[in-house]
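Work out the full structure, taking the sequences as your base and the hints as a guide.
For the protein sequence lines, the chains are F and Z, in the order given.
Under the numbering used here, the final residue of the first sequence carries the number 113; numbering is consecutive throughout.
Under the numbering used here, the final residue of the second sequence carries the number 225; numbering is consecutive throughout.
Hints are supplied without guarantee of correctness; some may be wrong.
Said to hold, decoys possible - Derived lysine-lysine pairs resembling DSSO-like cross-links, with alpha carbons at most 30 Å apart:
#, chain 1, residue 1, chain 2, residue 2
1, Z, K129, Z, K151
2, Z, K183, Z, K151
3, F, K71, Z, K129
4, F, K70, F, K9
5, Z, K129, F, K57
6, F, K9, F, K57
7, Z, K129, F, K9
8, Z, K183, F, K9
9, Z, K183, Z, K116
10, Z, K151, Z, K116
11, F, K57, F, K14
12, F, K71, F, K57
13, F, K9, F, K71
14, F, K70, Z, K129
15, F, K70, F, K57
Think of the hints as simulated: they come from the structure by calculation, not from any bench.
Being a predicted model, the structure only gives us computed values, none of them experimental.
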Amino acid sequence: NAGVTQTPKFRVLKTGQSMTLLCAQDMNHEYMYWYRQDPGMGLRLIHYSVGEGTTAKGEVPDGYNVSRLKKQNFLLGLESAAPSQTSVYFCASSYNKGGHEQYFGPGTRLTVT
Amino acid sequence: AQKVTQAQTEISVVEKEDVTLDCVYETRDTTYYLFWYKQPPSGELVFLIRRNSFDEQNEISGRYSWNFQKSTSSFNFTITASQVVDSAVYFCALSEWGQFYFGTGTSLTVIP
Numbered sequence: 001n002a003g004v005t006q007t008p009k010f011r012v013l014k015t016g017q018s019m020t021l022l023c024a025q026d027m028n029h030e031y032m033y034w035y036r037q038d039p040g041m042g043l044r045l046i047h048y049s050v051g052e053g054t055t056a057k058g059e060v061p062d063g064y065n066v067s068r069l070k071k072q073n074f075l076l077g078l079e080s081a082a083p084s085q086t087s088v089y090f091c092a093s094s095y096n097k098g099g100h101e102q103y104f105g106p107g108t109r110l111t112v113t
Numbered sequence: 114a115q116k117v118t119q120a121q122t123e124i125s126v127v128e129k130e131d132v133t134l135d136c137v138y139e140t141r142d143t144t145y146y147l148f149w150y151k152q153p154p155s156g157e158l159v160f161l162i163r164r165n166s167f168d169e170q171n172e173i174s175g176r177y178s179w180n181f182q183k184s185t186s187s188f189n190f191t192i193t194a195s196q197v198v199d200s201a202v203y204f205c206a207l208s209e210w211g212q213f214y215f216g217t218g219t220s221l222t223v224i225p
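Rendered as structure tokens:
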């Protein structure tokens with residue numbers, strides 16, 4: 001039981017390049033989330049999904065897209081990376097919304113130069 | 114406006130001291146959930162406790178205790194007899210309408 005895994009762990013991009021972050025969970029959770037963590041800002045919700053085939057915007061969705069084609073996977077895409085997207089990205093999943101705790105992946109450190 | 118406010122940015126205590134981390138939240142919802150997470154230097158986020166808005170009973174778990182007061186919209190976290198391993202960033206979070214809001218975190222350093 002791996003829990004929540006994220007790929008890759010580190011990445012350096014040049015401005016304008018694109019990439020996809022992969023999140024996978026093996027707990028059969030319905031809900032999945034993408035956050036970014038910046039110094040002094042805490043965690044901010046980018047996008048989330050309440051089930052396979054569904055996605056919704058969070059607090060800071062601009063510049064990101066997501067897809068949830070399979071229940072166990074939640075992809076975060078950056079179409080044209082900007083230095084402002086330099087951050088640590090965390091994926092999380094939960095059994096249900098609201099009342100259930102989120103289980104977090106180990107994070108992906110992304111640097112955009 | 115911040116949904117979750119953790120006014121203490123950094124706290125340092127000497128080992129074995131007690132320390133309280135403050136959390137104030139803002140919501141208009143009558144049904145909501147509050148959480149505390151710990152992020153040690155290794156970077157992972159570890160779930161500590163969950164509380165729903167209908168349960169104001171305080172909780173103690175070993176050296177940890179939580180004080181939930183709806184009247185002041187606060188959900189404070191106390192570590193008794195702190196240890197070096199408690200050094201971490203602690204986040205308070207609010208869940209309402211399916212969305213999660215995290216505070217900016219309190220960095221706790223326990224000095225041996």
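Evaluated hints:
1. Z:K129 <-> Z:K151: Status holds; Cα separation ~19 Å.
2. Z:K183 <-> Z:K151: holds (23 Å)
3. F:K71 <-> Z:K129: Roughly 45 Å separates the two Cα atoms, so the pair is violated.
4. F:K70 <-> F:K9: holds (21 Å)
5. Z:K129 <-> F:K57: Between Z:K129 and F:K57 the Cα gap is close to 44 Å, so the pair fails against 30 Å, i.e. violated.
6. F:K9 <-> F:K57: holds (24 Å)
7. Z:K129 <-> F:K9: violated (36 Å)
8. Z:K183 <-> F:K9: Answer violated: Z:K183 to F:K9 is near 40 Å, above 30 Å.
9. Z:K183 <-> Z:K116: OK: Z:K183 and Z:K116 at ~15 Å, within 30 Å.
10. Z:K151 <-> Z:K116: holds (19 Å)
11. F:K57 <-> F:K14: The given pair, whose Cα atoms are some 25 Å apart, holds under the 30 Å limit.
12. F:K71 <-> F:K57: Within the cut-off at roughly 18 Å; holds.
13. F:K9 <-> F:K71: holds (22 Å)
14. F:K70 <-> Z:K129: violated (48 Å)
15. F:K70 <-> F:K57: holds (18 Å)
Of the hints listed earlier, those the structure fails to meet are numbers 3, 5, 7, 8 and 14, in rising order.
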